[in-house]
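Enquirer: The residues making up each chain are set out below.
Number of protein chains: 4
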Amino acid sequence: MAKIGDWQDDTALLTFFWPVRAYIEDTDAGGIVYYVNYLKFMERARTEALRALGFGKQFILNQEAMFVVHSLQVDYKKPALLDEELRVEAHIMQLKRTSMIFRQNIYRDDAGKSELLCCASVKIACVSKDQMRPTAIPAVVVEKINLAISSQAV
Amino acid sequence: MAKIGDWQDDTALLTFFWPVRAYIEDTDAGGIVYYVNYLKFMERARTEALRALGFGKQFILNQEAMFVVHSLQVDYKKPALLDEELRVEAHIMQLKRTSMIFRQNIYRDDAGKSELLCCASVKIACVSKDQMRPTAIPAVVVEKINLAISSQAV
Amino acid sequence: MAKIGDWQDDTALLTFFWPVRAYIEDTDAGGIVYYVNYLKFMERARTEALRALGFGKQFILNQEAMFVVHSLQVDYKKPALLDEELRVEAHIMQLKRTSMIFRQNIYRDDAGKSELLCCASVKIACVSKDQMRPTAIPAVVVEKINLAISSQAV
Amino acid sequence: MAKIGDWQDDTALLTFFWPVRAYIEDTDAGGIVYYVNYLKFMERARTEALRALGFGKQFILNQEAMFVVHSLQVDYKKPALLDEELRVEAHIMQLKRTSMIFRQNIYRDDAGKSELLCCASVKIACVSKDQMRPTAIPAVVVEKINLAISSQAV
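Protein chains in written order, with my numbering: chain A, 112 to 265; chain B, 112 to 265; chain C, 112 to 265; chain D, 112 to 265.
Treat the hints as calculated values from the structure; they're not laboratory data.
Hints are supplied without guarantee of correctness; some may be wrong.
Copies of the same chain look alike in the list, so a pair counts if it fits in one copy or across any two.
With a straight-line Cα cutoff of 30 Å, these simulated DSS-like cross-link-like pairs (lysine-lysine) come out [unchecked claim]:
1) K240 <-> K151
2) K255 <-> K240
3) K189 <-> K207
4) K240 <-> K207
5) K240 <-> K188
6) K234 <-> K188
7) K224 <-> K188
8) K255 <-> K207
9) K240 <-> K189
10) K224 <-> K207
11) K224 <-> K240
12) K234 <-> K255
Take the sequences, apply the hints, and build the full model.
Expert: Laid out in structure tokens, this is it:
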């Protein structure tokens, strides 16, 4: 299996984070956050990153194209517990014509200490709504991302 | 609050049950099945009851009308635990022009003993797909239910 | 079925609200928020109401007693859509020795207009952790709630 | 990213499958099964594979050790739709002292045609319950798996 840790040294094009609270609905009988639910938390962060760039889901829904998850890899390091507030990062690592790669980390920040609980790499593909075939990411999205990259880079 | 127990003496028009296994995905940090998830189990039983009558979701999807949950009441009595197999009942108690009322019980059957864990009353409304306005339940559905009632009653 | 609307004229002892965003994880193939998930949103509001009073889940977990959902009633009025921000209310209507009743409403506030999507009545029971028998709500919780009631009432 | 397809030529030590129905609870507003939920389906297949070997969750719960998901990779190929019955495979590819690797495929079988919707590689680690440190898979589990491998291999 590829080591997600290979990404560690890469420089993200764009970074974003979103706080998520772990509620009872997110936990399982092991007394911890059910590992599948981290993927929901990560999608919330990607959604909010796009919203911060000006693209609410309604915008996305109005396009001919849509984003779908193409593939993902997750490494679980430590469990999150009930009621903890987590910091979910969404870094754009790669922006191609029909896809994007996000690196996502989930941290617990406590008493000035930051613990990495989970990290992932998520490839998002842009597909046509009618045929689900790969298609170019809408130009306006690419422009906004590039604009944000240049302002963040300064 | 109305006592769901008021239904106990009613005679169901039609009865159906569906077995459901409680997986780790269904539990919470209390070590029990997360109470919200019983509603998913109950919907599975209603869905399978309709399928048993000849109406898969695809049939429902092809109609002008669709079924939505109008209201529900749930009484929680005892918790279900990880890995238990539950018996989920769906009884049609009332069949009207634009709605149906289901009574639903969830039991754990163990060593010849049957324990009631949860019971509910769920009102399903038939609405038009375009406007979400109450509309008559498709005639073919009413006929099949009535046919099943008469054969079960015999 | 009891009409939840009967509660409308009651005066809540204490009111609280919590904003919730509807993400793709919350929706279903009908293109709307899956009706079961409103119960998760309502629990988030109850949890945050208790936290606002000074009781995080960790506090609750450290007690001999715990809160469980005893029963609930929900009326569904209009569906919420993907990406909408909802206002979830949690009103304490009744505070007894071993139980509390919350009335909960979910609203969509849009362009100065407020639409009621869903309302519920949720009875929470306080039970002992070992035997799951009804037990008195911890005195410190009752005190804090009463304190909040008197300051809100002024 | 590692190509999960690299596994295709490997010979599984042990194979198992479990049928799963896609209910409305599993779908999202895109009209398809929410991609995160495939991971729940895959876990159900792993759980049932262990049960078929004689290890219900209760057995697992009684051990000093427990299984946790260490890491996973998923490739999404085609979406599953509401009400479809899916075949979820769980192949044990590797059995080590403290971990196992499962390859998991999800198929839709329709009219004699079999379509691969999703495939994954899931690494399960055996950890001590108290400290969550890697520990040997219980001997009885290893024995049963090896026994099943030899009888399946014949």
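Enquirer: Determine for every hint whether it applies to the structure shown.
Expert: So, going through the hints one by one against the coordinates:
Proximity of K240 and K151 under a CA criterion of 30 Å is satisfied in both settings, with 22 Å inside one chain copy and 26 Å between copies. Taking CA atoms no more than 30 Å apart as the test, K255 paired with K240 passes inside one copy only; the shortest distance there is 22 Å, against 37 Å between copies. Taking the shortest Cα distances, K189 and K207 sit within 30 Å of each other only across copies (21 Å), while inside one copy they are farther apart (32 Å). In this homomeric assembly, K240 and K207 come within 30 Å of each other (Cα to Cα) only inside a single copy, at 19 Å, whereas the closest approach across copies is 39 Å.
Taking the shortest alpha-carbon separations for K240 and K188, only the inter-copy value of 15 Å comes in at or below 30 Å, while the best intra-copy value is 36 Å. When the C-alpha separation of K234 and K188 is checked against a cutoff of 30 Å, the pair qualifies both within a copy, at 21 Å, and between copies, at 13 Å. When the C-alpha separation of K224 and K188 is checked against a cutoff of 30 Å, the pair qualifies only within one copy, where the shortest distance is 16 Å, while the shortest distance between copies is 40 Å. For the homomeric pair K255 and K207, the shortest alpha-carbon distance inside one copy (14 Å) is at most 30 Å, but the shortest distance between copies (48 Å) is not.
Proximity of K240 to K189 under the C-alpha cut-off of 30 Å is restricted to the inter-copy arrangement: shortest distance 13 Å between copies versus 38 Å within a copy. In this homomeric assembly, K224 and K207 never come within 30 Å of each other (Cα to Cα): the closest approach is 35 Å inside a single copy and 34 Å across copies. Taking identical chains as interchangeable, the C-alpha atoms of K224 and K240 lie at most 30 Å apart only when they sit on different chains, with a minimum of 24 Å there against 44 Å within one chain. Only within a single protomer do K234 and K255 lie at most 30 Å apart by alpha-carbon distance; the minimum there is 19 Å, versus 38 Å between protomers.
Going down the numbered hints, you'll see the structure goes against just number 10.
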